[in-house]
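Asker: As a plain string of letters, each chain reads:
There are 2 protein chains.
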Amino acid sequence: MDNLSKKIGIIGGGQLGKMMILEAKRLGFYVITLDPSESCPSHSISDKQILASFDDKKAIRTMAEKVDVMTYEFEHINVDILKELENEGYTIYPTAKSLEIIQNKYNQKVTLLNNNIAVPEFQSVKSIEDIQKAGHQFSYPMMLKTCTGGYDGKGNYVIENEESIKESYKQLGNGTLPLMVEKFVDLKKEISVLACRGIDGEISVYPVGENIHKDSILDETRVPASISMECTEKAMDMAHQVMEIFSGVGMFCVEMFVTQDDDILINEVAPRPHNSGHYTIEGCFTSQFEQHIRAITGLPLGDVSLRCPTVMRNIIGENGESGKANYEGIDKVYKDGNVKVHIYGKEEVRPKRKMGHITVIGRTLDEVVKKAETAKNEIKVVGEK
Amino acid sequence: MDNLSKKIGIIGGGQLGKMMILEAKRLGFYVITLDPSESCPSHSISDKQILASFDDKKAIRTMAEKVDVMTYEFEHINVDILKELENEGYTIYPTAKSLEIIQNKYNQKVTLLNNNIAVPEFQSVKSIEDIQKAGHQFSYPMMLKTCTGGYDGKGNYVIENEESIKESYKQLGNGTLPLMVEKFVDLKKEISVLACRGIDGEISVYPVGENIHKDSILDETRVPASISMECTEKAMDMAHQVMEIFSGVGMFCVEMFVTQDDDILINEVAPRPHNSGHYTIEGCFTSQFEQHIRAITGLPLGDVSLRCPTVMRNIIGENGESGKANYEGIDKVYKDGNVKVHIYGKEEVRPKRKMGHITVIGRTLDEVVKKAETAKNEIKVVGEK
Numbered sequence: 177m178d179n180l181s182k183k184i185g186i187i188g189g190g191q192l193g194k195m196m197i198l199e200a201k202r203l204g205f206y207v208i209t210l211d212p213s214e215s216c217p218s219h220s221i222s223d224k225q226i227l228a229s230f231d232d233k234k235a236i237r238t239m240a241e242k243v244d245v246m247t248y249e250f251e252h253i254n255v256d257i258l259k260e261l262e263n264e265g266y267t268i269y270p271t272a273k274s275l276e277i278i279q280n281k282y283n284q285k286v287t288l289l290n291n292n293i294a295v296p297e298f299q300s301v302k303s304i305e306d307i308q309k310a311g312h313q314f315s316y317p318m319m320l321k322t323c324t325g326g327y328d329g330k331g332n333y334v335i336e337n338e339e340s341i342k343e344s345y346k347q348l349g350n351g352t353l354p355l356m357v358e359k360f361v362d363l364k365k366e367i368s369v370l371a372c373r374g375i376d377g378e379i380s381v382y383p384v385g386e387n388i389h390k391d392s393i394l395d396e397t398r399v400p401a402s403i404s405m406e407c408t409e410k411a412m413d414m415a416h417q418v419m420e421i422f423s424g425v426g427m428f429c430v431e432m433f434v435t436q437d438d439d440i441l442i443n444e445v446a447p448r449p450h451n452s453g454h455y456t457i458e459g460c461f462t463s464q465f466e467q468h469i470r471a472i473t474g475l476p477l478g479d480v481s482l483r484c485p486t487v488m489r490n491i492i493g494e495n496g497e498s499g500k501a502n503y504e505g506i507d508k509v510y511k512d513g514n515v516k517v518h519i520y521g522k523e524e525v526r527p528k529r530k531m532g533h534i535t536v537i538g539r540t541l542d543e544v545v546k547k548a549e550t551a552k553n554e555i556k557v558v559g560e561k
Numbered sequence: 177m178d179n180l181s182k183k184i185g186i187i188g189g190g191q192l193g194k195m196m197i198l199e200a201k202r203l204g205f206y207v208i209t210l211d212p213s214e215s216c217p218s219h220s221i222s223d224k225q226i227l228a229s230f231d232d233k234k235a236i237r238t239m240a241e242k243v244d245v246m247t248y249e250f251e252h253i254n255v256d257i258l259k260e261l262e263n264e265g266y267t268i269y270p271t272a273k274s275l276e277i278i279q280n281k282y283n284q285k286v287t288l289l290n291n292n293i294a295v296p297e298f299q300s301v302k303s304i305e306d307i308q309k310a311g312h313q314f315s316y317p318m319m320l321k322t323c324t325g326g327y328d329g330k331g332n333y334v335i336e337n338e339e340s341i342k343e344s345y346k347q348l349g350n351g352t353l354p355l356m357v358e359k360f361v362d363l364k365k366e367i368s369v370l371a372c373r374g375i376d377g378e379i380s381v382y383p384v385g386e387n388i389h390k391d392s393i394l395d396e397t398r399v400p401a402s403i404s405m406e407c408t409e410k411a412m413d414m415a416h417q418v419m420e421i422f423s424g425v426g427m428f429c430v431e432m433f434v435t436q437d438d439d440i441l442i443n444e445v446a447p448r449p450h451n452s453g454h455y456t457i458e459g460c461f462t463s464q465f466e467q468h469i470r471a472i473t474g475l476p477l478g479d480v481s482l483r484c485p486t487v488m489r490n491i492i493g494e495n496g497e498s499g500k501a502n503y504e505g506i507d508k509v510y511k512d513g514n515v516k517v518h519i520y521g522k523e524e525v526r527p528k529r530k531m532g533h534i535t536v537i538g539r540t541l542d543e544v545v546k547k548a549e550t551a552k553n554e555i556k557v558v559g560e561k
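Read top to bottom, the protein sequences are chains Z and P.
When we follow our numbering, the leftmost residue of the first sequence carries the number 177, and every step to the right adds one.
When we follow our numbering, the leftmost residue of the second sequence carries the number 177, and every step to the right adds one.
Simulated from the structure, these hints should not be mistaken for laboratory data.
Bear in mind that the values here come from a model prediction, so they are computed numbers and not experimental data.
Hints should not be assumed to be uniformly reliable.
Intra- or inter-copy, both count: the list cannot distinguish identical chains.
[Stated by the list, open to error] With a straight-line cut-off of 20 Å between C-alpha atoms, the simulated DMTMM-like cross-links for lysine to aspartate or glutamate are:
| hint | residue 1 | residue 2 |
| --- | --- | --- |
| 1 | Lys259 | Asp439 |
| 2 | Lys561 | Glu523 |
| 3 | Lys500 | Asp223 |
| 4 | Lys342 | Glu543 |
| 5 | Lys511 | Asp376 |
| 6 | Lys224 | Glu214 |
| 7 | Lys302 | Asp507 |
| 8 | Lys342 | Asp413 |
| 9 | Lys182 | Glu560 |
| 10 | Lys390 | Asp256 |
| 11 | Lys364 | Glu524 |
| 12 | Lys500 | Asp542 |
Model the full assembly from the supplied sequences, consistent with the hints where possible.
Answerer: Structural data, given as structure tokens:
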């Protein structure tokens, strides 16, 4: 079978799935998605959609039978069925094994630590007493996290002092979910490095992006990151090491902290294209989505060097906005010819929902950051009541 | 209505339609295509396809009623229905009026000439005697062309001498089609300039591309064109003038000849994105397809400056190849990280059929031309019998 005849199955038809498909279609691939929503962002561009929930084992098996390679756009999937399918000989990238380790933040960090990768100090906790003990050791503020299922700040709680331990414990499931604590990192910058591994083991590492979060959700990615050359090399090197540890095929995102002393600690690994990698669509010759498609179909990887300074800003549903999404201001934003808007096609806007993003390119990072700020302020997603 | 809520209708679901949709989808547009083939390149990515032939007036009307703006990916369409719809208030870009003039090569050239744009000497001919007379005036070789319906060399005939006039007349319809002759141009280069006009009259002109044809079909586009700075400015200026003449909204391609004396003559205008503009996907921030979508939906135009030297090579069905298309060598081609392949998704390969294209970027044009040549030789479309 030639590479281009491979049928691709994607679990999840959100914006990441959509952007994968847009790249897959340039190469003429046949794509099936699995998503419970009939109007998910991918619905109109996939060849076929299986309407089913993400833990529907039967539906996932049906998809596996129809495609040559299966992938996913987010990590909160029933990994048991993936392992089962993998054992039966179906191809899933990144592998179910690497997904399983990464899904659990505690296991992920243990794996990284065992491979001599620096991470913030952490501990598994099972009770309020455990958290109190950890507090004595790590001091405050201290992070409490659910080991599984968190995203965009959900599943995280900053414990400011011993008095708020009870509340944090209550907020994160009251003991129903596995928990861990992490020493709070006095950070200078948050950065992320995207990397991809081909089927033959080839690894490509993207430039370092600098991330700015707002209310625990990614707001902005600036590339290149304003860090020292030494830090940049170290970060890219660490991303490379992470790829070797998980030996997964496909795109990974490695989120990192740069400390006040210019040390780098790994915060989290995601086994998929990532919000902080959207800049690659305009900023690099090979976007993270195309790279992922190349990797999982066995094609060699493309060039990932930065073509010019690039900034990405998320378009997120504002507080108070809900209902059918209407976009205002795109005509204003587009008056600057170096701004590009991506709209995911979600029918409804909701507070904190990722609705799209803006990419700006230019000659200097300063200029691009300013233009992106202007664009971000001009575009509005309004909920039609 | 906000710009992004506009529904787009495209007549034609071939590769140009497909590439328009891939860009439209990044902005979340709803797209309907009209194409007689169920498996046309656009079929899996448009929201809806109307299965009908391109001269099916009723079907075109049905589409007009369902969308806010209608466009087309090729110019051989029944213009009467478009004019009728336009008169009733439906929006069609480029306008039916500009399409009507451009459809007829003779009228197109008269219009250009009346606006002081240099074109090769030409004449309308109705009979063998007319062609003979023109031959005395223009000398040989001389071009005979059908005024309507030609593409990729079809509808053109190079008359080498007076003896071959009868054969040329027979080959081009034996008097059933309107004909014209053109003085043969002793050309140094063939170039083309893409340009776009926004709804508010804003005009953006792309860099000049140098085109190399093989068997009358475009084989290669090199950007920037290897012509003098003066020629480049003149070509871009002429493209700008053409945009003002046809006052169309959307993308146009202006094909030109550079003579041995560095004069520029306009060969042909196409009221749509063009094969020689595929390089813009990787070579410019705003591709010709995105620009077209921006223009017809009333959005401001994007930046069109060249990001780096870029070469496009067509992937065309070779003589003897027919049947279900299989692609060989893409894994070899992709070993160079700066090569990108686009596969249109046509089920069957046929001799001279455009199946896809290759784009290569790099630091110098020389390097890129070489890499593109290597890639072109490595990829094969094989027809499965």
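Asker: Does each hint hold? Answer for all of them.
Answerer: Hint-by-hint comparison with the structure:
| no. | hint | in the structure |
| --- | --- | --- |
| 1 | Lys259 / Asp439 | neither (36 Å within a copy, 68 Å between copies) |
| 2 | Lys561 / Glu523 | within (13 Å within a copy, 45 Å between copies) |
| 3 | Lys500 / Asp223 | between (26 Å within a copy, 19 Å between copies) |
| 4 | Lys342 / Glu543 | neither (46 Å within a copy, 65 Å between copies) |
| 5 | Lys511 / Asp376 | between (45 Å within a copy, 12 Å between copies) |
| 6 | Lys224 / Glu214 | both (11 Å within a copy, 15 Å between copies) |
| 7 | Lys302 / Asp507 | neither (53 Å within a copy, 50 Å between copies) |
| 8 | Lys342 / Asp413 | neither (40 Å within a copy, 72 Å between copies) |
| 9 | Lys182 / Glu560 | between (41 Å within a copy, 16 Å between copies) |
| 10 | Lys390 / Asp256 | neither (34 Å within a copy, 55 Å between copies) |
| 11 | Lys364 / Glu524 | neither (36 Å within a copy, 56 Å between copies) |
| 12 | Lys500 / Asp542 | neither (35 Å within a copy, 51 Å between copies) |
The structure does not agree with the numbered hints 1, 4, 7, 8, 10, 11 and 12 stated previously, though it agrees with the rest.
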